[in-house]
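Assemble the whole structure, with the sequences as input and the hints as a guide.
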Amino acid sequence: NAGVTQTPKFHILKTGQSMTLQCAQDMNHGYMSWYRQDPGMGLRLIYYSAAAGTTDKEVPNGYNVSRLNTEDFPLRLVSAAPSQTSVYLCASSQLLGSGQREVTDYEQYFGPGTRLTVT
Amino acid sequence: KQEVTQIPAALSVPEGENLVLNCSFTDSAIYNLQWFRQDPGKGLTSLLLIQSSQREQTSGRLNASLDKSSGRSTLYIAASQPGDSATYLCAVLIPNFGNEKLTFGTGTRLTIIP
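Top line first, the protein sequences correspond to chains L and H. The first sequence: position 91 = 91 (our numbering), numbered continuously. Just remember that our numbering sits 119 ahead of the position in the second sequence, which is counted from 1.
Derived from the structure by calculation, the hints contain no laboratory data. Incorrect hints may have been included.
[Claimed, not checked] Here are the simulated SDA-like pairs of lysine to any residue, each with C-alpha atoms no more than 25 Å apart in a straight line:
1. Lys57/L - Leu13/L
2. Lys14/L - Glu107/L
3. Lys14/L - Thr54/L
4. Lys161/H - Thr193/H
5. Lys220/H - Thr85/L
6. Lys9/L - Ile46/L
7. Lys220/H - Asn64/L
8. Lys220/H - Ile12/L
9. Lys9/L - Asp158/H
10. Lys14/L - Gln84/L
11. Lys220/H - Gly62/L
12. Lys14/L - Thr85/L
13. Lys220/H - Gly3/L
14. Lys57/L - Ala148/H
15. Lys9/L - Thr119/L
16. Lys120/H - Tyr106/L
17. Lys161/H - Glu107/L
18. Lys120/H - Arg44/L
19. Lys9/L - Thr206/H
20. Lys220/H - Thr119/L
21. Lys14/L - Thr70/L
22. Lys220/H - Ala198/H
23. Lys187/H - Thr119/L
24. Lys220/H - Gln84/L
25. Lys220/H - Ala128/H
26. Lys161/H - Lys187/H
27. Lys187/H - Leu45/L
28. Lys9/L - Lys161/H
[Unchecked claim] Residues of chain H clear of chain L, computed beta-carbon distances all greater than 10 Å:
29. Leu138
30. Thr145
31. Ser184
32. Ala197
33. Lys220
34. Leu221
These numbers were taken from a predicted model, which means no experiment stands behind them. Even for Gly, the Cβ is constructed at its ideal location relative to N, Cα and C.
Laid out in structure tokens, this is it:
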């Protein structure tokens, strides 16, 4: 198993440009999420998806996601701003939705991250 | 709102010493607590996961404890080695009506001095 993979590793974007950060997992996990990591602020949840076909956002605007299948969870920056300069981490887990609280394998697996700079 | 705190933010100890990293959280209604390590420029690697019904978990030289009632967890590292140098993060999984969320602390940067 490759686990959670992310591409690209690094990218420089100009203000106003758009791009998609790729995330994929091969563990058949239902739950996937995106975090951004900034110095002194820890990890902040941006978007999550409990299963293919569902998504929900934690922070407003500037980002968009899709979950067309179980494996992939791309994050799109619609019109990049310097405030979106960050390290983006994708994660997945066996966590299931409502009614599945007896499932104990909630361990989160993280990808290596994408370091994004917006100039 | 759940808040997770890790103190100290940075710690340096000589090689061979045992050490304890601390994590505290404000709301005891958690499903589990997970400890991660992060090496510079890399993603997060899961070290230990403690379910809310458990008191501790062990893996090699690592031992993590959980006291839900007091909102505390500790990560004990025995016989520290330079390879243990990294940032250690704790995170709690909190209920959210079927879309449970992971809330992270800001981490402790550990340096083991050879």
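How the hints compare with the structure:
A distance of roughly 23 Å separates the Cα atoms of lysine 57/L and leucine 13/L; the hinted pair therefore holds under the 25 Å criterion. Distance check on the hinted pair: lysine 14/L and glutamate 107/L sit about 36 Å apart at the alpha-carbon level, beyond 25 Å; violated. In summary, the hint linking lysine 14/L to threonine 54/L is not supported, as the alpha carbons are separated by about 30 Å, beyond the 25 Å threshold. The suggested pairing of lysine 161/H with threonine 193/H holds, with an alpha-carbon distance near 23 Å, which does not exceed 25 Å.
Between lysine 220/H and threonine 85/L, the direct Cα distance comes to roughly 23 Å. Compliance with the 25 Å bound is thereby established for this hinted pair. Under the criterion of a C-alpha separation no larger than 25 Å, the hint pairing lysine 9/L with isoleucine 46/L is consistent with the structure, at around 19 Å. For the suggested pair lysine 220/H and asparagine 64/L, the alpha carbons sit about 19 Å apart, so the restraint of at most 25 Å is met. With a CA separation close to 30 Å, the supplied pair lysine 220/H and isoleucine 12/L exceeds the 25 Å bound.
A hinted pair counts as satisfied when its Cα atoms are at most 25 Å apart, and lysine 9/L with aspartate 158/H qualifies at roughly 15 Å. For the hint linking lysine 14/L to glutamine 84/L, the alpha-carbon distance of about 11 Å falls within 25 Å, and the restraint holds. Taking the CA atoms of lysine 220/H and glycine 62/L, the gap is about 21 Å. The hint holds against a cut of 25 Å. With a CA separation close to 11 Å, the supplied pair lysine 14/L and threonine 85/L stays within the 25 Å bound.
Taken as a hint, the lysine 220/H and glycine 3/L pair is honoured in the structure, with Cα atoms around 20 Å apart against an allowance of 25 Å. With a C-alpha separation of about 22 Å, the suggested pair lysine 57/L and alanine 148/H falls inside the 25 Å cut-off, and the hint holds. Distance restraint check for lysine 9/L and threonine 119/L: the Cα-Cα separation of roughly 17 Å lies within the 25 Å cut-off, and the hinted pair is therefore satisfied. Taken as a hint, the lysine 120/H and tyrosine 106/L pair is honoured in the structure, with Cα atoms around 21 Å apart against an allowance of 25 Å.
The hinted pair formed by lysine 161/H and glutamate 107/L meets the criterion: a straight-line CA distance of about 18 Å does not exceed 25 Å. In summary, the hint linking lysine 120/H to arginine 44/L is supported, as the alpha carbons are separated by about 14 Å, within the 25 Å threshold. Note on lysine 9/L and threonine 206/H: the hinted pairing holds, with a Cα-Cα distance of about 20 Å set against a maximum of 25 Å. With a CA separation close to 31 Å, the supplied pair lysine 220/H and threonine 119/L exceeds the 25 Å bound.
Our distance criterion of 25 Å between C-alpha atoms is broken by lysine 14/L and threonine 70/L, whose separation comes to about 31 Å. The hinted pair formed by lysine 220/H and alanine 198/H fails the criterion: a straight-line CA distance of about 34 Å is larger than 25 Å. This hinted pair does not check out: lysine 187/H and threonine 119/L have alpha carbons roughly 44 Å apart, beyond 25 Å. For the hint pairing lysine 220/H with glutamine 84/L, the CA-to-CA distance comes to about 22 Å; that is within 25 Å, so the pair holds.
A hinted pair counts as satisfied when its Cα atoms are at most 25 Å apart, and lysine 220/H with alanine 128/H qualifies at roughly 23 Å. At most 25 Å may separate the alpha-carbon atoms for a hinted pair to count; lysine 161/H and lysine 187/H exceed this at roughly 30 Å. Straight-line distance between C-alpha atoms of lysine 187/H and leucine 45/L comes to about 23 Å, which keeps the hinted pair within the 25 Å bound. Proposed proximity of lysine 9/L and lysine 161/H is supported: the alpha carbons are some 10 Å apart, at most 25 Å.
The beta carbon of leucine 138/H is kept farther than 10 Å from every beta carbon of chain L, the shortest such distance being approximately 21 Å. Listed as outside the interface, threonine 145/H is consistent with that label: its C-beta sits roughly 15 Å from the nearest C-beta of chain L, beyond the 10 Å cut-off. The Cβ of serine 184/H sits about 18 Å from the closest Cβ of chain L, beyond the 10 Å cut-off, so the non-interface label holds. With a least beta-carbon separation of about 23 Å from chain L, alanine 197/H lies farther than 10 Å from that chain, consistent with its non-interface assignment.
Its beta-carbon lying about 6 Å from the closest one in chain L, lysine 220/H breaks the requirement of being farther than 10 Å from that chain. Chain L draws leucine 221/H into its interface by the beta-carbon criterion, the shortest separation being 6 Å against a cut-off of 10 Å.
Taken one by one, the earlier hints fail for this structure at numbers 2, 3, 8, 20, 21, 22, 23, 26, 33, 34, listed in ascending order.
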